[in-house]
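Residue numbers (the UniProt record's numbering), protein chains in the order written: chain W, 1 to 125; chain H, 1 to 375.
Just so you know, the hints here were simulated from the structure itself, not pulled from any lab data. Treat the hints with care, since some could be wrong.
Capping the alpha-carbon separation at 25 Å, the derived lysine-lysine pairs in BS3-like fashion look like this [to be verified]:
| no. | chain 1 | residue 1 | chain 2 | residue 2 |
| --- | --- | --- | --- | --- |
| 1 | H | K81 | H | K333 |
| 2 | H | K263 | H | K219 |
| 3 | H | K219 | H | K160 |
| 4 | H | K372 | W | K64 |
| 5 | W | K105 | W | K11 |
| 6 | W | K64 | H | K81 |
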Amino acid sequence: MSNPQQLRYSKEHEWLSGAEEGVSTVGITEHAANALGDVVFVQLPEVGATVAAGETCGELESTKSVSDLYSPVDGEIAEINEDVVNDPSLVNSAPFEGGWLFKVKTSGEPAELLSADEYAAFIQS
Amino acid sequence: MTDAPRRTALDATHRALGATMTDFAGWDMPLRYSSERDEHLAVRTRAGLFDLSHMGEITVTGPQAADLLDYALVGNIGGVKTGRARYTMICEDGGGILDDLIVYRLADQEYMVVANASNAQVVLDALTARAGGFDAAIRDDRDAYALLAVQGPESPGILKALTDADLDGLKYYAGLPGTVAGVQALIARTGYTGEDGFELFVRPADAVALWEALTEAGKDAGLVPCGLSCRDTLRLEAGMPLYGHELTTATTPFDAGLGRVVKFEKTTNNGDFVGRAALAAAAERAEANPPRKLVGLLAEGRRVPRAGYRVVLADGTVIGEVTSGAPSPTLGKPVAIAYVDAAHAAPGTEGVCVDIRGSHEPYEVTALPFYKRQK
Numbered sequence: 001m002s003n004p005q006q007l008r009y010s011k012e013h014e015w016l017s018g019a020e021e022g023v024s025t026v027g028i029t030e031h032a033a034n035a036l037g038d039v040v041f042v043q044l045p046e047v048g049a050t051v052a053a054g055e056t057c058g059e060l061e062s063t064k065s066v067s068d069l070y071s072p073v074d075g076e077i078a079e080i081n082e083d084v085v086n087d088p089s090l091v092n093s094a095p096f097e098g099g100w101l102f103k104v105k106t107s108g109e110p111a112e113l114l115s116a117d118e119y120a121a122f123i124q125s
Numbered sequence: 001m002t003d004a005p006r007r008t009a010l011d012a013t014h015r016a017l018g019a020t021m022t023d024f025a026g027w028d029m030p031l032r033y034s035s036e037r038d039e040h041l042a043v044r045t046r047a048g049l050f051d052l053s054h055m056g057e058i059t060v061t062g063p064q065a066a067d068l069l070d071y072a073l074v075g076n077i078g079g080v081k082t083g084r085a086r087y088t089m090i091c092e093d094g095g096g097i098l099d100d101l102i103v104y105r106l107a108d109q110e111y112m113v114v115a116n117a118s119n120a121q122v123v124l125d126a127l128t129a130r131a132g133g134f135d136a137a138i139r140d141d142r143d144a145y146a147l148l149a150v151q152g153p154e155s156p157g158i159l160k161a162l163t164d165a166d167l168d169g170l171k172y173y174a175g176l177p178g179t180v181a182g183v184q185a186l187i188a189r190t191g192y193t194g195e196d197g198f199e200l201f202v203r204p205a206d207a208v209a210l211w212e213a214l215t216e217a218g219k220d221a222g223l224v225p226c227g228l229s230c231r232d233t234l235r236l237e238a239g240m241p242l243y244g245h246e247l248t249t250a251t252t253p254f255d256a257g258l259g260r261v262v263k264f265e266k267t268t269n270n271g272d273f274v275g276r277a278a279l280a281a282a283a284e285r286a287e288a289n290p291p292r293k294l295v296g297l298l299a300e301g302r303r304v305p306r307a308g309y310r311v312v313l314a315d316g317t318v319i320g321e322v323t324s325g326a327p328s329p330t331l332g333k334p335v336a337i338a339y340v341d342a343a344h345a346a347p348g349t350e351g352v353c354v355d356i357r358g359s360h361e362p363y364e365v366t367a368l369p370f371y372k373r374q375k
């Protein structure tokens, strides 16, 4: 699998797009989606909610397990992906595209976000 | 367990297929090959191919093989005809379930006991301990067999293309020796999916050739390789218990709603068998004053109940515990099996919730199974 070069990655397997007018898009990586298996339920934060880097802000439920969803950055939720709420399988079929989870107006960002190559090395280790 | 996980004879095949592997009872087994939901639906509508080589085979032979098994297990094993199989259990003296088993009568004086991988050693030890005084021999055959299963409505057609064995004459819970794709096999019409299907016990050295032949023969019918993840959701929909979840040493067969597997009217050993007195008491209790019952729970929402979650009333009173739960691919909503206080166990009981990480989600109490195939 390939992790898009233009994204940055957290060690909790979220990806973060570059900011457009201060708003970044967040999703989980293909590696994470494969590890979860078929995602059947997604609980996302509410629009307007404040999130903090590394803190849980929702959950992803698959056939076998439930996993916490973390925000990779500090900020305020600007939009959530209603399509993925209605059809959680988008997380599996298009984790970097139609399976995005939420958009966040970033107010602070931890230094340790990884590049695509660094993330690839991280999941190999 | 600190030992490296054991690998089946099909290990390289699974890896070549890109399987996601998982540790299961000390074995490195395929969890899924692609989407577990697609694998599940393939078994319901077409066919699926499973490697179940982790299951534990124990062979019991000798003039008193039947007597030994009648004494050691709760079922009437002497009454099983040659070529037939029986679902049964092995219990502690106190009535607790050590394992659930399928016993195949291969010949007049030869039985094969198939135990869960996690319990194979326990079953072997218990049988050995209970064999004193019987003219019978117990053989650990765990390494003697690989086990492949073909399950789903297309499975008879797929298998027919590879064998001359009389599959039409092979009833549910029957087994016969035969040749499949040139490989010697015990062909059994058994399974753990709620569908028609076959389990093929073969020499490990023949497993890859048989897997490849079945894959080829099933290609046009839509057969896909299937992992343990969909095996779990298939058996859950079919209301079949899983050891360690619905069945434990803390439950008797009567607690699990499976008292029918206990046969008190045995003709061998003067009717005695291990656990008899405790099971008779458990039967009485289940009849007169059942503490909890095993029921189905059908979700109204989309959140999935998991094993260990509490079943509660709206006011938070705990009335039971989930033993298995998953999103049901067939029903399109989460389902669970749970032990629930008898007062709230009737199908249709309202106001029953599952505490899902602090939030009380409503569930409908239903009878098991969730899914029954059309015959």
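Given the hint that K105 of chain W pairs with K11 of chain W, does the C-alpha gap stay at or below 25 Å? holds (21 Å)
K263 of chain H and K219 of chain H were given as a pair; does the straight-line alpha-carbon distance stay at or below 25 Å?
violated (43 Å)
Are K372 of chain H and K64 of chain W close enough, with their CA atoms no more than 25 Å apart? Holds, at roughly 23 Å.
| request: Starting from K81 of chain H, check that the Cα of K333 of chain H is at most 25 Å away, please. | output: violated (41 Å)
- Agreement of K64 of chain W and K81 of chain H with the hint, judged by alpha carbon distance not exceeding 25 Å: violated (39 Å)
Is K219 of chain H within 25 Å of K160 of chain H, Cα to Cα? holds (14 Å)
Hint violations for this structure: numbers 1, 2 and 6, all remaining hints satisfied.
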